[in-house]
Every structure is written in structure tokens, then in C-alpha cells.
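**Q** Here the protein sequences come in this chain order: A and B. Letter 469 of the first sequence, counting from 1, is numbered 469 in my numbering, and no numbers are missing. With positions in the second sequence counted from 1, the corresponding number in my numbering is that position plus 525.
Note that these hints are calculated values from the structure, not bench results. One or more hints might be untrue.
[Stated by the list, open to error] Among chain B residues calculated to face chain A with C-beta under 7 Å, some are: (1) Glu679; (2) Lys683; (3) Gly752; (4) Thr754; (5) Ala755; (6) Arg756; (7) Leu757; (8) Leu784.
[As the list claims (entries may be wrong)] Derived lysine-lysine pairs resembling DSSO-like cross-links, with alpha carbons at most 27 Å apart: (9) B/Lys683 with A/Lys12; (10) B/Lys630 with B/Lys662; (11) B/Lys694 with B/Lys596; (12) A/Lys64 with B/Lys555; (13) A/Lys447 with A/Lys203; (14) A/Lys12 with A/Lys64.
Built from N, CA and C at the ideal position, the CB exists for glycine as well.
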Amino acid sequence: MEETKEGAVVIKLSGRIDSGNAPAAEENIRRTLEGKGTCPVVLDAEELAYISSAGLRVLLHLKKTNPELSIVNVSSDVYEILEMTGFTEMMTVEKAYRVVSVEGCEEIGRGANGTIYRIDQDNVVKVYNNADALQDIRHEREVARLALILGIPTAISYDVVRVGNSYGSVFELLNASSFSKILATKPEKMDWCVREYVKMLKKIHGTVVPAGKLPDMKETVLSWARFMQPYLPGDLGKKLLSMVEAVPHDDHMIHGDYHTKNLELQNDEVLLIDMDTLAVGHPVFELASMYNSFVGYSELDHEVIKAFQGFDFETGKTFWRKSLAAYLGTGNEKKLSEVEDKARIVGYTRMIRRSIRRGGLEDERAKRSIDFWKEKLIGLLEKYDTLLFTRNELEIEAIPENLPSVESFVEKHLEENDCPPKAQMQIGLAVEEIFINIASYAYAPEKGNATVRVEVSGDPITVIITFIDNGIPYDPLAKEDPDVTLSAEEREIGGLGIFITKKTMDDVSYEYRDGQNILRIKKQM
Amino acid sequence: MTDVPLIDLHMHTTVSDGTDTPEEILARVKRAGIGVFSVTDHDAFKSGVVIRELLGKDDPCFILGAEFSCKDEEGQYHILGYGFDPDSDPVRSVVETGHRYRMEKVGERLDYLKRAYGFTFPAEEIDGLYALDNPGKPHIASLMVEHGYASTIEEAIKRYINGIRFTEKYVRPENAIAGILGSGGIPVLAHPAYGSGDQIILGEEMERRLQKLISFGLRGLEAYYSGFTARLRSGMLRLAEQYGLYVTAGSDYHGSNKLIELADTGLESADALPEGLARFLKDVRKEDHDQI
Numbered sequence: 001m002e003e004t005k006e007g008a009v010v011i012k013l014s015g016r017i018d019s020g021n022a023p024a025a026e027e028n029i030r031r032t033l034e035g036k037g038t039c040p041v042v043l044d045a046e047e048l049a050y051i052s053s054a055g056l057r058v059l060l061h062l063k064k065t066n067p068e069l070s071i072v073n074v075s076s077d078v079y080e081i082l083e084m085t086g087f088t089e090m091m092t093v094e095k096a097y098r099v100v101s102v103e104g105c106e107e108i109g110r111g112a113n114g115t116i117y118r119i120d121q122d123n124v125v126k127v128y129n130n131a132d133a134l135q136d137i138r139h140e141r142e143v144a145r146l147a148l149i150l151g152i153p154t155a156i157s158y159d160v161v162r163v164g165n166s167y168g169s170v171f172e173l174l175n176a177s178s179f180s181k182i183l184a185t186k187p188e189k190m191d192w193c194v195r196e197y198v199k200m201l202k203k204i205h206g207t208v209v210p211a212g213k214l215p216d217m218k219e220t221v222l223s224w225a226r227f228m229q230p231y232l233p234g235d236l237g238k239k240l241l242s243m244v245e246a247v248p249h250d251d252h253m254i255h256g257d258y259h260t261k262n263l264e265l266q267n268d269e270v271l272l273i274d275m276d277t278l279a280v281g282h283p284v285f286e287l288a289s290m291y292n293s294f295v296g297y298s299e300l301d302h303e304v305i306k307a308f309q310g311f312d313f314e315t316g317k318t319f320w321r322k323s324l325a326a327y328l329g330t331g332n333e334k335k336l337s338e339v340e341d342k343a344r345i346v347g348y349t350r351m352i353r354r355s356i357r358r359g360g361l362e363d364e365r366a367k368r369s370i371d372f373w374k375e376k377l378i379g380l381l382e383k384y385d386t387l388l389f390t391r392n393e394l395e396i397e398a399i400p401e402n403l404p405s406v407e408s409f410v411e412k413h414l415e416e417n418d419c420p421p422k423a424q425m426q427i428g429l430a431v432e433e434i435f436i437n438i439a440s441y442a443y444a445p446e447k448g449n450a451t452v453r454v455e456v457s458g459d460p461i462t463v464i465i466t467f468i469d470n471g472i473p474y475d476p477l478a479k480e481d482p483d484v485t486l487s488a489e490e491r492e493i494g495g496l497g498i499f500i501t502k503k504t505m506d507d508v509s510y511e512y513r514d515g516q517n518i519l520r521i522k523k524q525m
Numbered sequence: 526m527t528d529v530p531l532i533d534l535h536m537h538t539t540v541s542d543g544t545d546t547p548e549e550i551l552a553r554v555k556r557a558g559i560g561v562f563s564v565t566d567h568d569a570f571k572s573g574v575v576i577r578e579l580l581g582k583d584d585p586c587f588i589l590g591a592e593f594s595c596k597d598e599e600g601q602y603h604i605l606g607y608g609f610d611p612d613s614d615p616v617r618s619v620v621e622t623g624h625r626y627r628m629e630k631v632g633e634r635l636d637y638l639k640r641a642y643g644f645t646f647p648a649e650e651i652d653g654l655y656a657l658d659n660p661g662k663p664h665i666a667s668l669m670v671e672h673g674y675a676s677t678i679e680e681a682i683k684r685y686i687n688g689i690r691f692t693e694k695y696v697r698p699e700n701a702i703a704g705i706l707g708s709g710g711i712p713v714l715a716h717p718a719y720g721s722g723d724q725i726i727l728g729e730e731m732e733r734r735l736q737k738l739i740s741f742g743l744r745g746l747e748a749y750y751s752g753f754t755a756r757l758r759s760g761m762l763r764l765a766e767q768y769g770l771y772v773t774a775g776s777d778y779h780g781s782n783k784l785i786e787l788a789d790t791g792l793e794s795a796d797a798l799p800e801g802l803a804r805f806l807k808d809v810r811k812e813d814h815d816q817i
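Take these sequences, add in the hints, and give me the full structure.
**A** This is the structure:
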């Protein structure tokens, strides 16, 4: 007999329990529980081969004296009996776990809490790092199910198995290969990978999570920032903390460990895996972990990424920058570096904390990394006052009601870059004209999304706004300009807006490519 | 819930394998506040006859009963009989046949143990065995343990006594049912989902068994039973309804032998007296005619 952490008495059952020995078994249990009142009881059925109805009666009696009764490690045969007879409905019954070996299996993914191996052609197993992983497995299963309900394509585990001293959850993953593998073996697929990777990232970040369903990443990052206090000079610790505090609450989903080993291509479908780190929060927290995966961890020793992702440091860095550009919707190097720096602040904080907690200060090599990251972090904290940034791209449903959102999105970018008021007004009119056009005609009578991308570059200030929709091909510029010499009554309705746009902008261009209408306006100050 | 009296129609005394004498069990039934009860010893109703004599005016309502062990080519069955006339021939002949078989089997088992393993017992102990109302495997087994031939009763039965099997010397279910009916009683299948007590019989197999027994004249199912989960109970109630059978409730109390308490039948979970059980109580011949 032993006791669990929760104070439950564990009793082992073995062999067969039938009419021959049920009274003895019951007597044994009773003796074990003598004087323990109604304590919770866990029956360990690992060695129980069969239970007859006489044995079931023993369970039934026990349930009456000790209502908190559960049976664990139940074989499939015994489970079937318990299920048929309704015992699984009246007490917790946990099946025994199949034992699976991952020796010699291909490692196809690795996350913060475990490693994923392919065990056969159709199945993979995620082996958790910690021995007491059942709770983690349950958690991951729950969040994966939540993500699926919210529209994120993911694989949900269908079985829990024993792997060595730990547990694993088994998923079906047919003919799948990770994006890391694709990048490592088919470098020519880089741009395709970036596109799909960012598409999924936007989908994750565009998903609103009902309150309380997922942990808030901000809380976690706050705890990292608090940890860092004694390790940063002067007021920089405080500054770091206040910068994290200033990040507004965000109820959109973030993956938390979004790198290319956690994205799988399965029969032309892209699947997100390793869901245990799912949270809600501002995208800067996601970018931080992405930066670490592709650059940060390997920044000092470039070989690190090779062992982890299978591709080299340059590939990782290129993939990161291209993905960041596609995610933000800009190729502006200054903007990219600024957002990257903000991600690095959170990223370095995380890595330094992790390394210190793992005894890194006592280890010469790890200490070199810590000093390296710390120096960079200090420089960044001196340079920036906020972790916030805005993406240059907004994807939004193309309906007239969304015009104010589009307008304020564009305005924000123009104001940030000190765009003169007159130009702002002209751009505003053009944006209104074009967005309302898309909202009214592109998908009618159906609905669809429009993407608005704003890029501002300096000296002289140049603004480029791109509108993209997947609606019917339509070139607004092909229409003849209206004859403005005619009086209002004589003119044809419409067409005036695009005419004004053409007049006030320095350049307006249209193209239809890959099923998309792409309309670009350019204004130079 | 308040309207359902405590009912226990399945319990054993020292006449079979229980540990309470008929007098003791009556006292216990009264103390437990049970309103309707029946004593159902294996293949015997001697205890019922005793209790009938002991009943006073304000005592609980009593139904004469017995639990018959039956066997045929397809398995074993425990058939409860209620409200039969203990002086009438049909049910008496079932008991007598059963008793005769039982005694013959004791002799053959003892012969077998001597022949196969050289186990012998003093004559007075063998006489004591035959003097029991219902000697069986456990009694022989406990003698074996006493004499050091086996270390536990379980070992004695499984390893030695079960070495000899009898296919012929059993009361067949159709005979038990016919005997009960012939003496004005109601035959009911005991703990249906548990077969003859220690199996698990569900689904089609259960239904096949039941159809066969109904064709012999079975009239009821012990749907409320101490060893049943809510699921089993509702499954049995469904079958009773489907085949228009009476419903009974029993604990299978054996005294200190098993840890079952009187009146533990699952009936306490019912909101009202189940229709099949109300019908049974109305139709069965009771020793005490106070209406429930």
C-alpha cells in the first residue's frame, strides 16, 4: 500500500477476482483501509487479469464506503467489463497505457515540453519530458480541441501510451513532413514555406479565444521580467517590467512555440502541432519565441540550429526575416529591424532566465551565452521605450461597416510617419473610395475579405497603399474617366471617386494575379 | 422516495450458506425497518416455514421463498420461487430431487478426492457433512483446509474439488420453474446480469437466456439487486418491461459471510414503487395479508 500526493490510498489488485477469492480480496482492502475513514482510494489494476461479478460487487461496496474511488492501469479486457456493467459511469476508470518504444524512430518535432517521433507510417507520438505528464497530456488535448473548434487545423491525440518512464500521446499524421524538413531538403521551397507559415500565423493571431480558455501570455512574460530584475543594471530591470506591463491585453490566440518543426504538411494540408503552449496575447510575444527558434538560440553558436531544425543558421535567419516581412506586410528594412528588436527584448529575457534557472551561471559555456544575450538586451532596452508595433497589413471582411477600421488603420501609419494633413486627407478619400468599391462589388452577393497594406518610407515621405481582394476580376482603372465638363444631371453615376483618386495620387496601378485583384496607390510628399 | 417501503426479497440463513439463523434474520429484518421480506435459501424453504410460525401481528409482510440452483447444457441459473405452497408436491419434489443430487455428489466428490489424491476424512466428520441441510463444495473445501490438504478454500475448490464435474445431477431450469408454478408460486430469475452469480451476461446472450426461461414459464426478473450498477439495473428493468415480467428487489444478504447489508437493493434510488414490483406484491401469495 502506498499513498499518492493527494492523500489517496493506493491498493494493488492482481490476478483474477471472482467468487473464489472476492471475499478475501474484500477483506484485504478493508484491512488496508482500517481507520482511514472515507479517504480517497485508487485501485491499481495493472496486474488484474479478470474481474467477475463477485469482484464487481467488491468495487460496488468499496464505492459506498469510499466514494472517491478510482481504478487505474485497467487492461482493455477488464475495461470492457467495467464499461459494459456501467462501472465506468460511476467511478473514475483509467485504462492502462500501451507501451511504445521510440528507439530508432525519426524525430520529427520538438517543443518546450516534449519530442515528437514517427512510430510508423501513419502515427506519431509526442513524448513528454517530465515523468508526471498525464496532466500535461490532458491539457494539450483540451487546448488542441479548442483550437480545432476555433478553426485552427491541428491533429488531436487519440491515445496515451507509456514511453520509457514517461508518457506519450499518439496522433495520426499520414505522410506528413515538417516545414523544417522541407526547408532542409528543398531549399527552393523557401518562399512557399514562408507563405504558408505566415498564412497560418495570421490565422492563429486572427482567432479570438473565449475568455478564460487559455492562459494569458502577458502574465508569463511578466514573471520573466520580474525574474530579470536583479540581473539588469540601473533602472533597466524596471524599464523592462514597465514595457511588458504596457502591452495591452489581447484575447487573440498565440501558439507560443511557433517554429517550422511544429508545422506539418500532410497531403497538401498544413497542420499545426504541439499545442501545449497555446495562449492568448499580443503578437510580440509570439515573434519573440519565433526569433529565438530561428536566430536567438543559435546566435552565438550557429551550429545549434542545425541539430534542432536540420537546416543551417543562414536558412533560419532568412526564413525568419522573410516571414516577419510577410507577416507585417512590409519590406521596409527599418520597420522590420524595429519589430525584430522588440521581439528580441522578450526573446533574450526568456533565454537568459531559462539559462540562469538551469544553473547557467555556474557553467562556463552557458555563462558566455548569458553574457552575450544580456549585453544585447541592455542595448535594446536603452534604445526602445515600447514593445508595441503595428502590422502594415490589415485583413478584414470587405463590408462597408468596416470602413472606419480601415481608415483608422491607415491613419495610424500616416501619423506615425508625420504625413502632412493635406496628403492625409487625400489618401483618406482614396482609401474610402477603393474600400467601399471592394465592399460593394468584389464578392457580391457573397462576402469575402480584403487586405489593406500600408507602407511608408522616408525622405521624401512616400506612402504606398495596396488593396488586395479575391473577388471577381475588376480593373477600376479601365473605365473611361467621366466627362466632368457635363453638369451633374447629365453625368453617368459613379466613376468619379476613382477619377479623383487618379488625380490626387502620384500613381495608381492595377493588376490581377494569382486570383487576386491588386490595386496600388502611391503618394509622395 | 418516501413512498417506497424497504423491500428485500433475497436473503440466506443457516439453512443454506448464510450465518444468521431464521430467528436472527427475522430480528434483523425488523430492526432494519424492512416492510416486505422473503428468505430464499438455496434449494430449501425450511427457514421460511420456521419464520412463518414466528411471525406476529405487527411484523413485516413475509413471502415464502427459495433460490433454486439449476443447470442445463447452456449454463447455470438461479431461479427464485415466491409464494408457493410449501406443502404441495411439485415444489417439494424439486427440492427433494435437488437434495438427493446434492447428497450423491458429496459422496462422489469424497470418493474422487480419495481416489485421485488420497485425501481422507474421519467418519464422524463425513457424517457431519451429510447432516447438513445443504452440503456442497465449500463445506468439503473447509474440511480439506482443516486437514491441511489445501491452504485456502479457493485452492481446495479450484485445484481439487473441481477435478470432478457432473453434467447430469442438476435440477434443470424448466423443472424448477414448473415446480414453482405447479405449487402456486412465481418463478423469478435471480441477479439476471450476473448469471448464476459470478458471470456477466448481457446483450443478446441475456435475451436468449431470458426467452428460453420465459418459454418455460418464468414470470419475473430480480432487477433491483445489491450488486448492480445503475446501468445494469436500468437494463434489467427495460427487459422486464419488454417481456411483461414482474420485477423484484433483493440484497442476497448472507450474514457475515459477505459484506452485503439487508435491504441494499438499489430500490432506494427509485422515486416510486416500480410498476412491475407493485404488480408482483399484489399477485404473490403472502403469508401475512396486511396490504402494503
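**Q** If a hint holds in the structure, say so; if it does not, say that too.
**A** To see whether the hints hold, each was checked on the structure:
The criterion of a C-beta within 7 Å of any C-beta in chain A is met by B/Glu679, whose closest approach is roughly 4 Å, and the hint holds. Contact between B/Lys683 and chain A, as hinted, is supported at the beta carbon level, the nearest pair being about 6 Å apart and thus within 7 Å. Checking B/Gly752 against chain A: minimum C-beta separation of about 4 Å stays under 7 Å; hint holds. Checking B/Thr754 against chain A: minimum C-beta separation of about 4 Å stays under 7 Å; hint holds.
Taking 7 Å as the C-beta contact cut-off toward chain A, the hint placing B/Ala755 at the interface holds, the least distance being around 6 Å. For B/Arg756, the interface hint holds, since its Cβ comes within 7 Å of a Cβ in chain A; the closest pair sits about 2 Å apart. The beta carbon of B/Leu757 comes within 6 Å of a beta carbon in chain A, closer than 7 Å, and the hint placing it at the interface holds. Here the hint on B/Leu784 is kept, as its CB sits about 6 Å from the closest CB of chain A, short of 7 Å.
In summary, the hint linking B/Lys683 to A/Lys12 is supported, as the alpha carbons are separated by about 23 Å, within the 27 Å threshold. About 9 Å separates the Cα atoms of B/Lys630 and B/Lys662, which keeps this hinted pair within 27 Å; it holds. Of the supplied pair hints, the one linking B/Lys694 and B/Lys596 holds, its CA atoms being roughly 9 Å apart against a limit of 27 Å. At roughly 23 Å between alpha-carbon atoms, A/Lys64 and B/Lys555 fall within 27 Å of each other, so this suggested pair holds.
A distance of roughly 18 Å separates the Cα atoms of A/Lys447 and A/Lys203; the hinted pair therefore holds under the 27 Å criterion. A hinted pair counts as satisfied when its Cα atoms are at most 27 Å apart, and A/Lys12 with A/Lys64 qualifies at roughly 19 Å.
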